[in-house]
Amino acid sequence: MSERAYNFAYLDEQTKRMIRRAILKAVAIPGYQVPFASREMPMPYGWGTGGVQVTAAILGPDDVLKVIDQGADDTTNAVSIRAFFARTADVATTTDTREATIIQTRHRVPETSLTENQILVYQVPIPEPLRFLEPRETETRTMHALAEYGVMHVKLYEDISRHGHIATAYAYPARVAGRYIMDPSPIPKFDNPKLDNCPALQLFGAGREKRIYAVPPYTKVVSLDFEDHPFERTKFEAACEFCGARDSYLDEVVTDDRGGRMFVCSDTDYCEKRQAAQSRKAAE
Amino acid sequence: MYVAVKGGEKAIRNAHRLLADKRRGRRELREIETAEIEEQLALAVDRVMSEGSLYDRRIAALAIKQARGDLIEAIFLVRAYRTTLPRLGFAEPLDTAAMTLRRRISATFKDLPGGQVLGPTFDYTHRLIDFGLDAPAQTETPELAEAVAETSPRVTDLIARDDLIEREARPEAGAPVADITRDPLAFPAPRDARLQNLARGDEGFLLGLAYSTQRGYGRNHPFVGEIRCGEADVELFVEDLGFAVSLGEIAITECQMINQFKGGDGHPARFTRGYGLAFGQSERKAMSMALVDRALRADDYAEERKGPAQDEEFVLSHSDNVQATGFVEHLKLPHYVDFQAELGLIRQLRREQDGQPEASQQEAAE
Chain A
539 MSERAYNFAY LDEQTKRMIR RAILKAVAIP GYQVPFASRE MPMPYGWGTG
589 GVQVTAAILG PDDVLKVIDQ GADDTTNAVS IRAFFARTAD VATTTDTREA
639 TIIQTRHRVP ETSLTENQIL VYQVPIPEPL RFLEPRETET RTMHALAEYG
689 VMHVKLYEDI SRHGHIATAY AYPARVAGRY IMDPSPIPKF DNPKLDNCPA
739 LQLFGAGREK RIYAVPPYTK VVSLDFEDHP FERTKFEAAC EFCGARDSYL
789 DEVVTDDRGG RMFVCSDTDY CEKRQAAQSR KAAE
Chain B
64 MYVAVKGGEK AIRNAHRLLA DKRRGRRELR EIETAEIEEQ LALAVDRVMS
114 EGSLYDRRIA ALAIKQARGD LIEAIFLVRA YRTTLPRLGF AEPLDTAAMT
164 LRRRISATFK DLPGGQVLGP TFDYTHRLID FGLDAPAQTE TPELAEAVAE
214 TSPRVTDLIA RDDLIEREAR PEAGAPVADI TRDPLAFPAP RDARLQNLAR
264 GDEGFLLGLA YSTQRGYGRN HPFVGEIRCG EADVELFVED LGFAVSLGEI
314 AITECQMINQ FKGGDGHPAR FTRGYGLAFG QSERKAMSMA LVDRALRADD
364 YAEERKGPAQ DEEFVLSHSD NVQATGFVEH LKLPHYVDFQ AELGLIRQLR
414 REQDGQPEAS QQEAAE
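First to last, the sequence lines map onto chains A and B. Per my numbering, residue 539 is the first one in the first sequence, and the count goes up by one each step. Per my numbering, residue 64 is the first one in the second sequence, and the count goes up by one each step.
For the record, the hints were derived by calculation from the structure and aren't laboratory data. It cannot be assumed that every hint is accurate.
[As the list claims (entries may be wrong)] Each computed DSS-like pair below joins lysine-lysine, with the alpha-carbon atoms no more than 30 Å apart: (1) A/K811 <-> B/K73; (2) A/K563 <-> A/K758; (3) A/K693 <-> A/K773; (4) B/K128 <-> B/K73; (5) A/K819 <-> A/K758; (6) B/K173 <-> B/K325; (7) B/K73 <-> B/K395; (8) B/K369 <-> A/K693; (9) A/K773 <-> B/K395; (10) B/K85 <-> B/K395; (11) B/K395 <-> A/K693; (12) B/K325 <-> B/K369.
Fair warning: this is a prediction, and the values are worked out from it, not measured in the lab.
Extracted from the complex, chain B is given alone in its bound form:
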């Protein structure tokens, strides 16, 4: 007699065992160390920290190892860990003008205070497979200049001095900051909530949306005012002390886009802005975020929303890859009951159609 098998505990246990075995791979090979992932797959670690919304290189590297290199799975692991951590307070706004610069480029000015610093980038490499990397090789240690430590004014601040770009709204000191992990998103979303959503949004999704704005779906004439990578100081205001103390440095990438100018009706013409920020060196992400941020500000400039990237509900509701992957992949779960209900309905419809071909139309006409 055929028995309806519905899975069960044993199957799950065995599947987990197989997974652990597959993760480890062939035993004659050395097991990869978390520190190696941290160092040698550093950009994967950066992405997992950004979209996992947790600045912890070791946890991110461990998650990548556990996830067998599946970055969205690793991001999920980090998020599920992060959500259990206590919330001690909110840091002071980062002062990115004062950050240590490892890389800083501007596409709008040939030279500027602080200079252009190319830093470690794939940008001008030829994308030829380096077969030499296949075997361990000595990599030379480059000579390093001192990191640019003195304050390098941000390009947007330089332009703002001449009143040629919209002013950044300065929040009042002590004003509450949106926290999309503690409050459900409501529409229309304030910009701080929107930026948080984009900061943890899927890089690929934001890249595609950003690209679409360049191809006419919500065009906003962007210039890279500046991209800067390096370390910024994180400060926390301590009530008991009455002043802010430094908690340490985090590596970040900031992108300030300078966009299509606006003006008229008595208002002087000014450039507009889009903003992107990500942990580590994540330029593609920061740039995409800046383009989408600007696209989402359509209402601020009375622009018609024509492209998907300008549609706040569409963008913010679908940017989170942990949510997206969960819901898409849940289709793997059993749906016997619902399918049975549909099967029953379609059979009934077919029976009626075969038996009385006019039945449904007659009813409709009544």
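One chain only, chain A, in its complex shape:
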């Protein structure tokens, strides 16, 4: 079978329509997990099939696509997904956050603020924030329907009593538009504040679990906390070794076997832009 035998962006138009309907419903009910008939994709479940299907359904020929994994454009899985769309949809791709109209991401929200003209597509492994408290889907759907979120607060409270802190560092649950509790996908809680009142449309696709959910533009997203234990964004004591940023999420790099460490921006585009600006300034 030749590549031309596949439709634009791989999925057939009927499937795309089905996914778009799910997306519309998700946008209409912020934070609600909409079941959809997820397809088998030519990459494995757990490697971004939900995000890829959402991207395929919303992608047009004039879109400019950026794909990141762990904040970086050059991680192997990001490379693979970008190449997939370059091949099946022949769309322009970019690493520049500002240039992109669609950004598919795994585990990070870009440091550069997004705009109304952009859509952020998250790859989601387990869409259900209550899953590890209640393994049954029949139960968790009822809990969402009744907004019965007590167990989540109990879990967070137990963390505080045991550790003095809420011991969730990523995939930190948030309440969307004052109603549904949502798993923001395994982004570090550092990124949670970026979801709140974001000008860009945020779509979440979970392929294996067959769920799509959304945060429409300018929607209130509140990370769960308690009055006496307010949500705190992770702070780094170090600055980026390459660009000196103190406001970005940092990856720790082990430099030797004697405890040597350095910290670098996880968002490679943000870091490179800053480095370029600095060298321009130095040249002036």
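Take the given structure of chain A and dock chain B to it, following the hints.
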């Protein structure tokens, strides 16, 4: 200066090249042909067709070759191909009573209309390595009787005639059929969706669950009413013609389990059923499926769900090996960001613990 290497396009390209090289193996050996896999590794082809949910021997054989013999990888290739194919319509229900029988055994009756046909089976072989197979050898061509072509009534139908087994619910003609590849699974799942899920479920997973029911985790006293292997006709109702036309034959294995009887409260005692169906000759799969199908019908008989095999959400959510292998293996993908977040948290907790040993307990007491 140490540079954070994050992989990239070149690494992927080179890895694919190495993979192709490994697949081919030593070049002085002849390359294996797809047709040889189709013929000589036929049971692997059957499994890939069943769990790949696509009846196409050539595609399945090709997938096995491409996957270097990794059957789950081959199943994945077939699924990803199948999902792109157009859906032309739904076939009429297979009439397995009319299928051509290559093999047919019943453990419940010594003899029955149509007879017992042993057919090609490992069942009574001694599992001794045949060293003679190491070198090409002439395999004799056996004399073949005509395949049993006349309608052989299914054992369950024979018992049903005496009203000793529950009736199979007959769907209305034209009633919609569940399609788990087009609709997300919801719980509780109707039986047609459940059977589809089991039919494409992982053989090993279903085997383990089936085995567990025999060891007391949801026991259902099974008898193999019948296992039949052979070819069944696939028919499609064509609107324009007003009648069903034959599309061809597919090789299948069907297993009908006869299980623990139920009755009382004014209802006469009747045996219950479990059903299994797989492409090709896949007896282990069809039998496992039948046992698990029966176990999942606990609610139909007001049975207490005590074993994992009776737990619908547990079984149906974890039976698919393409989903399972993807999610387990995704742990190979980078998780730097999340790990960094955990690392930061644990360091903070340790610092606080070392500095103020009572801190956390005090807060808890407040």
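Against the structure, the hints come out as follows:
Taking the CA atoms of A/K811 and B/K73, the gap is about 23 Å. The hint holds against a cut of 30 Å. Simply put, A/K563 and A/K758 have alpha-carbon atoms about 18 Å apart, close enough for the 30 Å limit, and the pair holds. Note on A/K693 and A/K773: the hinted pairing holds, with a Cα-Cα distance of about 23 Å set against a maximum of 30 Å. Proposed proximity of B/K128 and B/K73 is supported: the alpha carbons are some 25 Å apart, at most 30 Å.
A threshold of 30 Å between alpha carbons decides the hint, and for A/K819 with A/K758 the separation of about 38 Å lies outside it, so the pair is violated. Proximity of B/K173 to B/K325 is assessed by CA-CA distance (about 24 Å); at most 30 Å being required, the pair is judged to hold. Restraint check: the Cα-Cα separation between B/K73 and B/K395 comes to about 19 Å, which is no more than 30 Å; the hinted pair holds. This hinted pair checks out: B/K369 and A/K693 have alpha carbons roughly 28 Å apart, not beyond 30 Å.
Simply put, A/K773 and B/K395 have alpha-carbon atoms about 27 Å apart, close enough for the 30 Å limit, and the pair holds. Between the alpha carbons of B/K85 and B/K395 the distance comes to roughly 21 Å, so the proposed pair stays at or under 30 Å and holds. Only pairs whose Cα atoms come within 30 Å are accepted, and B/K395 paired with A/K693 is accepted, the gap being roughly 29 Å. For the suggested pair B/K325 and B/K369, the alpha carbons sit about 18 Å apart, so the restraint of at most 30 Å is met.
When held up to the earlier numbered hints, the structure conflicts with hint 5 and nothing else.
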